[in-house]
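Here the protein sequences line up with chains A and B, keeping their order.
Position 121, counted from 1, in the first sequence is what my numbering calls 121; the numbers after and before it change by one each time, with no gaps.
Add 257 to the 1-based position in the second sequence for my numbering, that's all there is to it.
If you're looking for bench data, these hints aren't it; they were derived computationally from the structure.
Backbone N, C-alpha and C fix where the C-beta goes; we use that ideal spot for every residue, glycine too.
Some clues are possibly wrong.
The calculated lysine to any residue pairs, modelled on SDA-like cross-linking and capped at a C-alpha distance of 25 angstroms, are [as the list claims (entries may be wrong)]:
| # | chain 1 | residue 1 | chain 2 | residue 2 |
| --- | --- | --- | --- | --- |
| 1 | A | Lys107 | B | Phe355 |
| 2 | A | Lys109 | B | Thr600 |
| 3 | A | Lys78 | A | His193 |
| 4 | A | Lys76 | A | Asp91 |
| 5 | A | Lys166 | A | Leu119 |
| 6 | A | Lys107 | B | Gly412 |
| 7 | A | Lys113 | B | Gly399 |
Not everything, but these chain A residues come out facing chain B in the computed CB check (under 7 angstroms) [unchecked claim]:
| # | residue |
| --- | --- |
| 8 | Thr59 |
| 9 | Trp63 |
| 10 | Leu84 |
| 11 | Lys88 |
| 12 | Glu89 |
| 13 | Lys90 |
| 14 | Lys109 |
| 15 | Pro115 |
| 16 | Ser117 |
| 17 | Met118 |
| 18 | Leu119 |
| 19 | Gly125 |
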Amino acid sequence: MSARPGRAPSGATVVLALLGCLGAPAGAAAARSARDILDHVDDLFRGRSSHGRAAMTVTTAHWTRTLALEFWTEGKEKSLIRILAPQKEKDTATLKVGNDLWNFLPKVKRTIKLPSSMLSASWMGSHFTNDDLVKDSRMAEDYDFEITFEGERDGRGVIEVTCHPKPEAAVEWGKVVVLVRAADLLPLAVTYHDEDMRLARTMTYADVRRLGGRDLPTVMTVVPADAPAESTRVVWEAIEFDLALAGDTFSLRALER
Amino acid sequence: MLLRFAWRNLWRNGRRTAITLGTVALATAVLIVAGALMRGMMVGALANATNLGVGEVQAHGAGYLVDRSFYTTVRAPEAALAAAGALGAGAAPRSYGFGLVAHEARSAGALFWGVDPARERTAFDLARHVWHGTFLGDEPAGGVVLGKKLAHTLGVEVGSELVVVVQAADGSLGNELFTVTGVLEAVGETNDRSAAIVHRDDFEALFVSGGRVHEIAVNGRGRVPLDVLEARIAAAVPDADVRTWRELLPVLADMLALFDAAMWIFSGIFMVAAGLGVMNTMLMATFERIRELGVQKALGATPLRVAGDVAAESVLLAVVGSVVGTAVGVALSVWLGRHGIDTSRLGGDLSFGGVAFDPVWRAVLVPRELVGPIVGMWVASVAAALYPAALVARLDPVRAMQHV
């Protein structure tokens with residue numbers, strides 16, 4: 001859990017992409033206002049609840065590892081991520097309820113609550129921070145936005161929306177640029193710039209497939225700008241939306257199960 | 258001959274001589290003890306800082322001090338340890354890694370030290386600054402020694418169980434249970450807040466560290482000249498970044514330089530004050546004898562003879578007084594060096610610039626620093642006696658004899 005300074009996010013996209021959250025199901029998105037585009041990206045992985053599996057591959061200068069994950073979410077407040085493999089981390093789980101995070105450590109059979117001082121530290125060695133898991137917000141609410149490009153780029157019809165944080169918004173980015181496919185408004189890339197307008201990280205989306213009854217980009221890759229050779233890549237393998245979850249799914253007892 | 262007369266003359270008025278002698282001796286002793294105490298404060302501050310854990314010289318992998326990367330290591334730690342050993346200096350290898358520690362509902366970030374307890378014990382004093390409990394044993398046993406504030410944050414005491422989570426060197430999640438074996442005294446803000454010290458083998462298992470060593474701390478306890486120590490360590494680990502305490506503790510280095518300058522100024526003021534005291538006594542003693550000196554002149558003594566007598570007497574007084582004073586001052590300084598002055602009742606934990614001061618203030622006597630007080634007292638005594646003697650020598654005997 002080494003600290004990864006400079007990557008503290010407000011990253012709605014990260015959280016939602018990883019966990020899913022409450023919101024309207026993705027609409028047809030006929031109208032193409034900037035707000036529609038942002039809402040569509042925000043809501044892509046959202047449902048009343050969700051359950052699925054993903055593989056997270058982390059590449060750093062010193063090692064590469066892949067974790068198999070299973071996750072459950074309910075609303076925007078609750079989520080549970082359990083590691084299925086490799087053996088060393090098997091059954092390690094992270095529970096998020098509101099702004100609190102707990103980690104269950106099966107090796108020592110203990111659950112620890114994450115102190116706020118560790119929010120900017122890496123989650124399970126990835127390029128996501130614990131804060132990425134906790135924070136949830138909607139881009140359309142926290143940012144002022146406008147369409148800054150619409151047309152062909154690399155032979156594809158794309159729309160680019162540039163977002164600047166509202167003065168009162170508690171976000172750490174200086175600028176967020178969202179690039180979507182013009183045809184279906186599915187995200188291609190989101191770039192995050194820090195308060196000095198330097199590129200901080202780039203998230204790219206690829207491999208659109210049908211999962212959980214929706215067309216979703218099933219591969220998301222985040223690359224930190226200060227270490228372009230490193231990356232964290234999440235591949236969604238299965239996801240189902242709006243399922244009924246047991247009432248105690250997001251309890252500390254369930255975390256330790 | 259002259260000195261024998263002088264000695265006899267001195268005891269014609271035993272009380273006056275005793276007072277003068279006492280003044281010279283007292284001033285000399287006070288100067289010596291004050292100097293030793295000031296020197297002791299400086300030496301103590303430095304020794305506290307270096308002996309505690311920093312050491313006099315440290316070696317790191319190049320660039321480690323900038324980003325503290327887990328992967329920047331000292332490549333040949335054994336060579337540095339051997340080089341220190343060959344000079345008779347202590348040395349300890351250390352590995353560092355960040356992690357999360359938790360106890361029941363409380364948790365905090367911590368900096369783990371992987372140490373060789375036996376080497377830490379011989380080379381440094383940290384193991385002796387344990388407030389509660391004990392330092393780590395020589396064998397790995399899943400024990401951890403915590404900084405005072407970190408222990409307080411976690412609400413743990415000796416025997417408490419600690420859950421530890423770290424990101425290991427291979428990217429995996431390291432987690433273990435540790436038992437708190439000790440809590441350190443206040444040893445400086447950073448360590449108080451973050452230090453979690455474990456046996457190097459436990460560190461290895463937790464961080465899958467592959468024997469990585471991030472720091473070699475070398476401590477000669479002042480027995481090996483700093484430049485020699487630095488040069489030998491640098492030669493032993495040529496690709497490492499070797500630094501002395503002056504660079505590692507710049508605040509302390511600046512503070513000591515300032516303190517040294519202040520000490521010279523204070524010594525000067527003390528010297529002038531003590532010198533004036535001795536001068537005053539000498540002047541009074543000589544003026545008291547103006548009639549006697551007038552009689553000597555009337556009996557045919559030359560001015561030079563009169564001045565010579567007085568000078569000889571004052572030299573004798575200064576020598577005997579300073580010898581007595583030196584003996585008393587040295588004895589007192591040695592005693593204060595051994596027993597010290599306990600200042601803990603005057604205030605709480607004293608720390609400045611991240612350096613904790615020992616509450617027991619000890620004197621340190623440096624032989625060459627005895628020269629100042631002794632020579633100063635001689636000059637003051639003789640000068641003070643010669644001035645009135647010279648006046649008298651030129652005086653008309655009749656007027657001198659009538660002098661009241």
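Here's how the hints hold up against the structure:
no. : hint                   : in the structure
1   : A:Lys107 with B:Phe355 : 19 angstroms, holds
2   : A:Lys109 with B:Thr600 : 48 angstroms, violated
3   : A:Lys78 with A:His193  : 28 angstroms, violated
4   : A:Lys76 with A:Asp91   : 23 angstroms, holds
5   : A:Lys166 with A:Leu119 : 23 angstroms, holds
6   : A:Lys107 with B:Gly412 : 23 angstroms, holds
7   : A:Lys113 with B:Gly399 : 22 angstroms, holds
8   : Thr59                  : 9 angstroms, violated
9   : Trp63                  : 4 angstroms, holds
10  : Leu84                  : 14 angstroms, violated
11  : Lys88                  : 5 angstroms, holds
12  : Glu89                  : 5 angstroms, holds
13  : Lys90                  : 11 angstroms, violated
14  : Lys109                 : 9 angstroms, violated
15  : Pro115                 : 5 angstroms, holds
16  : Ser117                 : 5 angstroms, holds
17  : Met118                 : 6 angstroms, holds
18  : Leu119                 : 11 angstroms, violated
19  : Gly125                 : 5 angstroms, holds
This entry does not satisfy hints 2, 3, 8, 10, 13, 14, 18, going by the numbered hints stated previously.
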